[in-house]
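Just need the whole structure built from these sequences, with the hints factored in.
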Amino acid sequence: MTTQSERLDQFLDALSRDPNAVAPADLDSDLAQFARTLIKSQTTISAPNVKMRVWQKALAAASQQPNEQKEPYSMNALPALQPPMRKAARMFSYLTALAATVILVFIWGTSFNSLNGQHLSGVSLAISTETPSLVPFSTSTPSLVIPITTVMPAPGSMWVFPTLRPTSLLYVFPEQSQPPIITIMPPPTFIPTPLSTPILIGHQITGKLTSESPQLRYRIKADEAGLLKVTAYSEAFKVRLTYSIESSPQVYPGTLSNETDVAARKEIIMLAHVLADEEITLTVGSELGNGTGDFSLVTSFGKVTPLEMGKPVDRWIVPGADNTPELQYFAFDAQAGFLIDVRVESDENQDLTLFMQSNFPSPQNPYGAIRFIADMTPGCTDIYILQCYDDDSGPGSDPELRHVLIRQDGHYELIVSSIVVANLASHYKISLSSSITNALTPGSRVFTTLSWKDPAVPFLFQGYAGKSIQFKFERLAGDQSFIRLTAVQNNQTLSSYTLTASDSTTTQTVTPTMDGAVALFVEYAQPVNQDAVTVFSLGQIASP
Amino acid sequence: MIIDTAITLHEQPTPSAFNAAAEAACLRAARDDLEQFAPIYERYFTRVYAYCLRRVDDPQEAEDLTSLIFTRAMTSLDQYRGGLVAAWLFRIAHNTVINHHKATRRTLPLDTAELMAGNANLLERIILSEEQQTLQAMVDQLPRDQRNLLLLKVIGGLPSHEIGKIVGKSAGSVRVALHRILHQLQIIYRQHEENSDDNTI
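Which chain is which? The protein sequence lines are Y and H, in order.
So in numbering that gives the first Met the number 0, the last spot in the first sequence is 543, and the numbers never skip.
So in numbering that gives the first Met the number 0, the last spot in the second sequence is 200, and the numbers never skip.
These are calculated hints, taken from the structure and not from any lab test.
A virtual CB, placed ideally from N, CA and C, is assigned to each residue, including glycine.
Don't take every hint at face value.
No farther apart than 30 angstroms at their CA atoms in a straight line, the calculated lysine-lysine pairs in the DSS-like style are these [claimed, not checked]:
(1) Y:Lys310 / Y:Lys237
(2) H:Lys168 / Y:Lys39
(3) Y:Lys466 / Y:Lys428
(4) Y:Lys50 / Y:Lys39
(5) Y:Lys452 / Y:Lys310
(6) Y:Lys471 / Y:Lys452
(7) Y:Lys452 / H:Lys168
(8) Y:Lys471 / Y:Lys56
(9) Y:Lys39 / Y:Lys56
(10) H:Lys168 / Y:Lys207
(11) H:Lys168 / Y:Lys466
(12) Y:Lys428 / H:Lys168
(13) Y:Lys471 / Y:Lys428
(14) Y:Lys428 / Y:Lys302
(15) Y:Lys207 / Y:Lys220
Here are some chain H residues pointing at chain Y (derived, C-beta under 8 angstroms) [as the list claims (entries may be wrong)]:
(16) Cys25
(17) Gly156
(18) Leu184
(19) Glu193
Pasting the structure below:
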């Protein structure tokens, strides 16, 4: 028996083929007549000469970008895919470029004058254009000890996870190989599915909590190292996941509970590192312990691709079955004191999302071994996620993490997923670069700025155990907000000092506890206005 | 009259005259010679353009988007994996329009956006009958996702299961949503007509 919605659907399909199609007798005649009128109104358009014009444009553009999807992805080819710019837009972009040039010239001159201790009035607009407005000063100092595109080797004791194998973990486009297999083994007393059933990516298993069985337990074992994602969902109760990772000889226990923002969805998403042959035991229960009803567990597994500075990686992404977006994982090691940029450049068949997270231990996650993503949508917040947004700040609608300050030595992961669920494969390129690194040597000095857009600037010093480093900070012009200077090494704070609004200069001494880089963060210690800019210099005083 | 320039989607060849096998053959041939894409363009241009026009409310933007969509289609022929060509094209169209909305929403000041919305489609609005204008205004007032659903159906002519694949919903929920949308529009339209009658009296 068909419903009204099905009958209407059939009628709409018929109308799209033939505007005079007869409505089914059992469809509400008023609604049928209205549908006919509505479709007529929507399908009559005025398009004088458009058809030929568009064909010529599209054909010309497509001829410049031949149909060669199997060729290596080239971002240089992207501009050919941009829509032809209209005259008004073209004019606007010219004007914008002209205005930017004028402002830059203005700033250049103003910056020179301001370094005599005067305030920079009226220059915030230009400085916030992300242009290196103080280039002449920065380049005059022999400041860079470390090549910008090189990640300094980090202390070995920091690494919780083993070094990534460089080539064996590459993700292969699904057409060329089967997806990785993980094995889910429910203990015999809680068997919703047969033992040792191989589960493919995106596979869903279901279970039911009852008053007799208020918890169900599953063991998940990975055949190889990677990231495991588990989504637990129930319409009937708020899910509580308890986990333990059995990694001989240690066992890492923990519990994940729903956060407020996802409570309504009664969904919890867990993301965990797993090593080859490592087992995770998951216990599904309810928040209050007395919830009953059906639930589902969806698992997916992704190998991790190491990402190196300056070496972009090309990938295909295809949203999986069951409307589950595919996730792809990348990882890199970085040391405190770097400002990094992560860019994703896609061919825009998909709207891609980029997440970045780290493995730092916390009271909720004492071993740094497992993380919880609150929600795979823009605007999510979670204590384990260092950065989390899809603000499309890159070109077009591509996501980009820009000027992310690395505050701790550690292992960082990037997750690329697709927002739009569709069957279209999407090609993208992900790249990691270091945008600014100010490395100081004895006797060198760097002039730069803090701003509301970049409220923290890192510096690096070469440190030797027990040998003091002396540096001088000088506020030269601009915003008078409190500024904090924090020196760290090996994820330990060596010193911290805050300048008040009336302070302009301080000289600090730090003593490294080991050989290796010392990072100094210069940052606003209070919220600042949206146009705030502070010009300052930082120099390392040469040893006598 | 200007109405001479209006075209309707139903001027396109019927499926029997240009069936799915012929479409697939065109796409295969177009891999070697883009001119072979012309019959597909001929068949779907109006639908794609109308879809863009209804989504962006600006003829020039719609033209640019249509051009971009067909460019992408012609450069992504290898990604066509069988099935309805219309569904494949409208998936590209859907994603392109979404990206366009995202790219423009941060660059247009509010007053500019309002200005454009106010003047958009002026020529078209003149030539439409009053009834069509009313209906168009009602559709324009729909939330973006509802409008998209409706346009994929009435302009794209896609089956509900294909729309579901594009927007990430089941075919059943698409059918139910469409039924609700039409029912709501019908109620609003009826109220509008009653008010018009009252004013006339």
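Subject >> Those earlier numbered hints the structure runs against, lowest number first >> reply: Numbers 1, 3, 7, 8, 11, 13, 16 and 19 - these are the hints that the structure violates, sorted from lowest upward.
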